[in-house]
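Colleague: Here is how the chains run, residue by residue.
2 protein chains.
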Amino acid sequence: GAGADNDLYINQAIVFIEDAIQYRSINHRVDSKSLWLYRWYYSRTCQWILSLTITVILALAFIEEPSSLTVTSDVRYRLPAWNPPCGLTESIELLCFLVFVVDVSVKSYLIGWKEFWKNKWLMAFILTLIVSLTDWIVSLSFFCKESVRIRRILRPFFLLQNSSMMKKTLKSINSTLPEMASVVLLLAVHLSLFTMFAMLLFARTKDNQQDKEWVVYFRNLPESLTSLLVLLTTANNPDVMIPAYSKNRAYSIFFILFTVLGNLFLMNLLTAIIYNQFRGYLLKSVQSSLFRRRLGIRAAFEVLSSLKETPASAQQSCVSIGALLQVLQKAEMDSRCKQAIMRSLKMCSCDQLSAAQFQKLFEELDKDAIKQHPPSPEYQSHFMQKMQFAFGHPYFGYLGNVVALANIISICVVLVMDADKQPSERDDFFLGAINCFFILYYLLEMLLKILAMGLKRYLSYPSNRFDGLLTVILLILEIATFAVYGFPHPGWRPEFMGLLSLWDMVRLVNMLIVFRFLRIIPNMKFMALVVTTLLDLVKNLRAFAGILVVVFYAFAITGIMLFKGAVVPLGNTRILKQSSQGAEFTGSCTSFSIKKVVVLYFKEKNVIAWYSAHFQAEVIYCLLHVLSVHLIYRWAKIYFVAWWLISSVIWVNLFIALLLENFIHKWDRRCQRESLSDIEYQRTVELMFRDVLEEPTEEELMEKLHQHPHLQLCR
Amino acid sequence: GAGADNDLYINQAIVFIEDAIQYRSINHRVDSKSLWLYRWYYSRTCQWILSLTITVILALAFIEEPSSLTVTSDVRYRLPAWNPPCGLTESIELLCFLVFVVDVSVKSYLIGWKEFWKNKWLMAFILTLIVSLTDWIVSLSFFCKESVRIRRILRPFFLLQNSSMMKKTLKSINSTLPEMASVVLLLAVHLSLFTMFAMLLFARTKDNQQDKEWVVYFRNLPESLTSLLVLLTTANNPDVMIPAYSKNRAYSIFFILFTVLGNLFLMNLLTAIIYNQFRGYLLKSVQSSLFRRRLGIRAAFEVLSSLKETPASAQQSCVSIGALLQVLQKAEMDSRCKQAIMRSLKMCSCDQLSAAQFQKLFEELDKDAIKQHPPSPEYQSHFMQKMQFAFGHPYFGYLGNVVALANIISICVVLVMDADKQPSERDDFFLGAINCFFILYYLLEMLLKILAMGLKRYLSYPSNRFDGLLTVILLILEIATFAVYGFPHPGWRPEFMGLLSLWDMVRLVNMLIVFRFLRIIPNMKFMALVVTTLLDLVKNLRAFAGILVVVFYAFAITGIMLFKGAVVPLGNTRILKQSSQGAEFTGSCTSFSIKKVVVLYFKEKNVIAWYSAHFQAEVIYCLLHVLSVHLIYRWAKIYFVAWWLISSVIWVNLFIALLLENFIHKWDRRCQRESLSDIEYQRTVELMFRDVLEEPTEEELMEKLHQHPHLQLCR
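Top line first, the protein sequences correspond to chains A and B.
Using UniProt numbering, the first residue of the first sequence is number 1, and each one after it goes up by one.
Using UniProt numbering, the first residue of the second sequence is number 1, and each one after it goes up by one.
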């Protein structure tokens with residue numbers, strides 16, 4: 001009946017408006033049941049459960065065998081890690097898989113059969129689930145003793161498919177690949193030509209004394225390629241040319257040419273290409289988000305305008321205010337926006353809204369949330385008013401910064417004085433006393449500020465929250481210290497009184513003071529700019545970081561599988577080392593004992609350790625060298641070269657491109673900002689680009705709406 | 001009289017037009033004698049002598065004591081370098097100084113007294129000359145035994161002041177300094193906060209086994225600062241965290257935070273800032289060049305229009321064609337441009353030129369030199385025409401590339417097969433035979449191409465010149481080899497027949513073939529783009545390279561003076577090493593024996609060696625470490641940190657900024673270019689920006705002309 005139809009239209013409008021708010025696509029089923037399912041699927045609880053499931057399945061690697069989640073990383077000292085019994089992690093995994101099965105079925109149902117076949121991500125999701133479940137069954141049938149677990153490498157896919165931002169970013173990266181591939185090809189040509197050249201230049205001669213270069217670096221084709229590839233990472237930079245250079249200085253020309261061409265030109269060209277491709281990336285992504293929002297609102301307008309209560313006589317389609325109010329009350333949205341829209345609806349005199357008016361109402365969504373700080377309390381007493389003026393003045397804040405600086409300097413002085421003293425000679429009286437004094441000052445400052453501004457206003461500034469929290473923590477730690485060690489007096493040495501963990505806390509107090517110093521940053525103009533750029537960047541970088549996590553995880557798991565059993569405790573490696581050819585080890589590798597490499601690379605699944613690795617091409621080189629000599633693992637070289645290319649070359653360049661993009665936008669806008677600097681914006685990427693964005697035209701919106709696979713518009 | 005006046009005007013016009021062609025400033029004296037002096041000073045001979053003098057005085061460092069220009073760089077084997085007798089280098093120096101004195105006096109005279117006081121570069125030049133001459137006198141009075149020679153550090157200034165491009169670039173860099181300083185300050189704050197944090201975190205404990213981290217890296221404030229500064233260069237990346245990491249994995253969070261913030265964010269922010277500042281740099285510099293050109297031409301017009309023969313009745317000032325022809329004949333300019341201007345002058349019907357017409361005539365100067373290849377010979381015989389078609393066809397060129405590739409592959413195969421053979425087992429027959437075959441093919445290819453295209457057309461393509469030259473060299477080397485060793489036969493081993501240097505030449509032949517392979521580059525679109533970008537970049541980078549040479553030279557000379565006497569032959573250093581504290585050397589420094597560091601850094605004045613150093617922060621770190629332990633030179637740390645900042649951080653970022661600028665311009669223009677790709681342009685920076693440049697207005701030009709310090713215009 002008409003009532004049921006009307007209910008359906010209202011529900012559709014609610015969902016479309018929620019889609020608009022969340023920048024979601026509106027191409028989903030729109031019948032009553034599907035709408036209910038859709039709202040349930042995108043409810044906070046459901047999405048939270050999904051995120052939790054993804055986190056759990058990714059975190060499983062930390063407790064699964066072979067896990068290395070122990071306190072020490074030293075293979076000699078560490079205790080065997082806890083091995084969960086067979087079936088424990090597997091049953092958690094099964095639970096996760098079940099959640100994913102529900103996820104994929106709901107998603108597939110909601111977008112409809114036709115769209116499903118076009119959606120490669122969903123197909124890949126189903127495929128991944130099938131492979132994972134098969135692998136899981138195989139695993140259980142071997143009682144967890146099987147050596148290869150494919151499903152582990154596939155896990156990061158679950159993270160990837162759940163984020164539309166990451167999928168979009170991946171698409172952008174994908175479109176950059178042809179150009180990147182060209183430069184990588186150029187690098188390969190460069191490398192191979194120079195390798196041939198090197199092999200001809202540093203050939204074996206009759207005189208064995210003379211061909212050191214040949215013996216160590218250019219013995220055969222793979223050796224030469226590796227030497228030059230590592231030179232490209234600058235890890236073996238002077239080493240590789242030293243034997244030739246000692247023979248004749250002119251040989252250095254070869255290495256310098258190689259480095260200048262490869263490192264300075266080709267590598268930086270990669271940066272240029274990636275930056276060039278990503279120049280419009282942020283803008284484009286924000287533009288498409290805007291389109292989705294406008295489309296959702298327009299769709300809501302269209303369905304509301306087909307409500308039966310609307311007078312059919314009107315030429316133009318329009319929406320009654322009553323229907324809109326009904327929709328607004330049921331839609332989930334920011335309460336500030338909702339109130340603002342309600343307010344302007346009430347101020348509107350007519351009771352019908354045209355499409356333009358409707359769209360205009362929802363522009364409130366795009367607006368900055370201007371944060372208004374609560375007012376200061378108004379004191380009656382003259383004395384209190386004076387106090388309020390004094391301690392609410394910016395100069396009081398500056399005084400606080402000066403005191404924080406003085407505190408830092410005094411800690412520094414104590415550190416320098418105590419540097420070479422034995423722990424037994426050290427007197428902690430001075431450090432204890434200044435800590436006590438400064439913490440008292442910080443406490444006083446906090447209380448006076450609260451007095452002047454009122455608690456609510458004080459807490460409305462993030463810098464004050466940061467300050468206050470640290471002050472409270474400092475106070476608690478200090479009181480705890482005094483309770484255990486008594487007040488500081490000459491010869492006060494807390495660490496010799498047993499409870500070492502609390503003395504560690506005293507050190508922690510000082511570290512917190514170092515952090516407290518950071519509050520001066522907003523007071524310095526350029527620093528504030530830099531810091532806000534960095535914070536913005538972090539926001540925009542989430543998708544990239546997600547992709548990085550995916551890559552790291554896959555590499556880590558592959559590494560664990562490839563290098564399983566390669567860990568030899570230190571004693572054994574030493575023997576291994578001595579028995580191997582001496583010449584290879586006299587190079588730069590001796591300093592990197594195999595142990596260290598092993599500690600860092602083999603059997604480590606701690607993602608953090610992998611991350612630090614990425615800055616250190618040297619270790620990779622050394623490992624390559626060790627591995628190529630020992631020929632333990634044939635694939636190690638390819639593995640590490642791929643790792644270097646992806647993590648060090650491509651990702652770092654992507655990062656630089658994004659940073660350039662962000663910084664240049666920010667910088668251009670700096671002047672406009674300055675005038676508004678006293679109003680705090682909750683900045684989003686959308687706002688940064690607002691004056692450059694193009695509004696979609698009505699024709700574009702309507703064309704898109706008519707292409708909707710499930711919504712049949714009357715007109 | 002009027003005749004003399006007319007002559008003066010003609011001469012002025014000639015000089016102004018020459019100024020316009022060379023993009024020189026026209027603010028110089030304009031009386032007859034000064035004009036003669038000016039033309040003499042800017043004549044090719046004079047400028048060539050000046051350049052030669054600068055080269056000579058800079059090159060002096062290579063033969064002066066302490067010189068290290070020996071074949072080997074190994075201090076153990078190298079013979080004492082030739083020490084020129086006292087007075088030899090000094091007299092060459094004096095000659096150079098005299099040339100510079102003449103240079104500075106002519107320059108000062110030509111710009112006039114008033115302008116001289118405003119010109120800081122000239123004042124600095126004079127000051128440098130006075131200091132150098134004083135130092136020279138002191139040097140001679142000590143019979144060359146004095147230890148400090150200030151004038152050596154000042155030498156690169158002579159290079160700097162002679163290039164207007166370098167002065168302009170320096171000004172740009174100078175204007176970027178405030179922003180760079182802010183980031184460097186931020187880096188310093190970052191570094192010092194983390195240093196304090198580290199000292200509190202890795203404090204000395206009672207248990208000596210546990211505080212390895214403290215002993216090795218954070219013993220005191222300078223030590224901690226150095227450790228973290230070196231971490232910023234990523235040179236000691238995993239080393240510095242390994243002791244703490246073995247104790248507890250959580251310590252790695254500290255190092256990762258430090259690296260991510262410092263290396264990934266702050267360092268790349270420096271790139272962003274420098275790129276942002278340099279975004280308009282190329283455009284601005286080209287724009288100001290254009291202004292100088294238009295100003296020079298306008299000035300020529302103004303002086304010519306005041307010639308007495310011009311009818312005074314004319315309202316507008318104008319120039320007679322006869323006078324212009326007279327000027328053109330005497331002015332030194334590109335013959336192609338001169339002919340083109342003459343031609344359009346003759347085509348002009350009127351005999352008076354207005355300012356706009358005059359300016360338009362000289363636009364020929366801005367135009368691309370479209371290179372027209374001479375026509376192919378026209379053969380009568382039908383057979384020859386067919387031959388011409390076949391061998392002039394691009395497919396014949398592709399065949400040549402395929403053959404070159406086959407040659408490369410065959411050399412590669414021989415190299416791989418011979419890699420592990422003893423020189424005595426090796427059979428060079430195969431390599432000799434393929435060399436012989438391929439060189440014959442190359443010769444045939446060259447001859448057939450010449451037949452098809454005619455010698456002139458063949459030589460007009462740079463790729464053919466490259467090809468032909470290599471083919472001729474290959475042929476000569478091959479003939480020489482056969483003359484000495486006979487034709488290749490199984491068991492052919494040229495190296496065992498005495499004349500080793502010729503066998504080296506056979507290897508050289510193969511290297512040349514590797515180079516010949518490069519001719520395929522223009523056939524691949526993307527590669528061609530990349531290569532032309534790089535070539536353009538090299539052109540635009542000359543000024544930067546000049547400044548780099550200046551900095552390198554100054555650093556090298558300072559290094560020589562600072563570290564004089566620090567070279568201890570290997571035996572001694574070993575003793576030094578053993579007697580020093582062992583703990584410091586167990587780190588990553590052992591692999592870099594002091595010898596190597598010494599070889600690379602101390603007493604080296606070979607600029608090339610310095611250059612390679614810049615890629616290797618590790619060596620710097622090691623040296624810092626060695627020096628800080630031994631406390632031999634207090635200033636070494638500051639010296640190397642400055643070196644790292646300037647050469648590695650700032651210069652590399654400048655380079656990236658320029659590359660980005662160039663590449664993005666080029667990329668945007670790629671589509672327009674493609675249509676014209678068959679016409680070869682002689683590309684200049686000016687042409688790249690032509691469609692973006694703004695023409696200066698008449699008012700701007702006239703205002704500038706009226707500000708001319710020496711030229712009094714009649715109207």
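Please note: incorrect hints may appear among the correct ones.
The list cannot tell twin chains apart, which means a pair is met if one copy fits it or any two copies do.
[Said to hold, decoys possible] Derived DMTMM-like pairs (lysine to aspartate or glutamate); straight-line CA-CA distance at most 20 Å:
1) K346 / E364
2) K637 / E18
3) K330 / E146
4) K637 / E363
5) K346 / E445
6) K284 / D668
7) K637 / D536
8) K386 / D5
9) K114 / E332
10) K539 / E694
11) K666 / E179
12) K212 / D418
13) K107 / D31
14) K539 / D7
15) K360 / D135
16) K212 / E90
17) K456 / D211
18) K421 / D211
19) K704 / D5
These aren't lab readings, by the way, just hints derived from the structure by calculation.
Colleague: If a hint holds in the structure, say so; if it doesn't, say that too.
Modeller: Consistency of the hints with the structure:
{"no.": "1", "hint": "K346 / E364", "in the structure": "within (15 Å within a copy, 70 Å between copies)"}
{"no.": "2", "hint": "K637 / E18", "in the structure": "neither (50 Å within a copy, 61 Å between copies)"}
{"no.": "3", "hint": "K330 / E146", "in the structure": "neither (53 Å within a copy, 91 Å between copies)"}
{"no.": "4", "hint": "K637 / E363", "in the structure": "neither (55 Å within a copy, 59 Å between copies)"}
{"no.": "5", "hint": "K346 / E445", "in the structure": "neither (46 Å within a copy, 87 Å between copies)"}
{"no.": "6", "hint": "K284 / D668", "in the structure": "both (19 Å within a copy, 18 Å between copies)"}
{"no.": "7", "hint": "K637 / D536", "in the structure": "neither (37 Å within a copy, 36 Å between copies)"}
{"no.": "8", "hint": "K386 / D5", "in the structure": "neither (66 Å within a copy, 82 Å between copies)"}
{"no.": "9", "hint": "K114 / E332", "in the structure": "neither (29 Å within a copy, 76 Å between copies)"}
{"no.": "10", "hint": "K539 / E694", "in the structure": "neither (23 Å within a copy, 40 Å between copies)"}
{"no.": "11", "hint": "K666 / E179", "in the structure": "between (28 Å within a copy, 15 Å between copies)"}
{"no.": "12", "hint": "K212 / D418", "in the structure": "between (49 Å within a copy, 17 Å between copies)"}
{"no.": "13", "hint": "K107 / D31", "in the structure": "within (15 Å within a copy, 87 Å between copies)"}
{"no.": "14", "hint": "K539 / D7", "in the structure": "neither (39 Å within a copy, 71 Å between copies)"}
{"no.": "15", "hint": "K360 / D135", "in the structure": "neither (54 Å within a copy, 78 Å between copies)"}
{"no.": "16", "hint": "K212 / E90", "in the structure": "neither (55 Å within a copy, 41 Å between copies)"}
{"no.": "17", "hint": "K456 / D211", "in the structure": "neither (77 Å within a copy, 46 Å between copies)"}
{"no.": "18", "hint": "K421 / D211", "in the structure": "between (51 Å within a copy, 14 Å between copies)"}
{"no.": "19", "hint": "K704 / D5", "in the structure": "neither (23 Å within a copy, 78 Å between copies)"}
When each numbered hint is compared with the structure, violations occur for hints 2, 3, 4, 5, 7, 8, 9, 10, 14, 15, 16, 17, 19.
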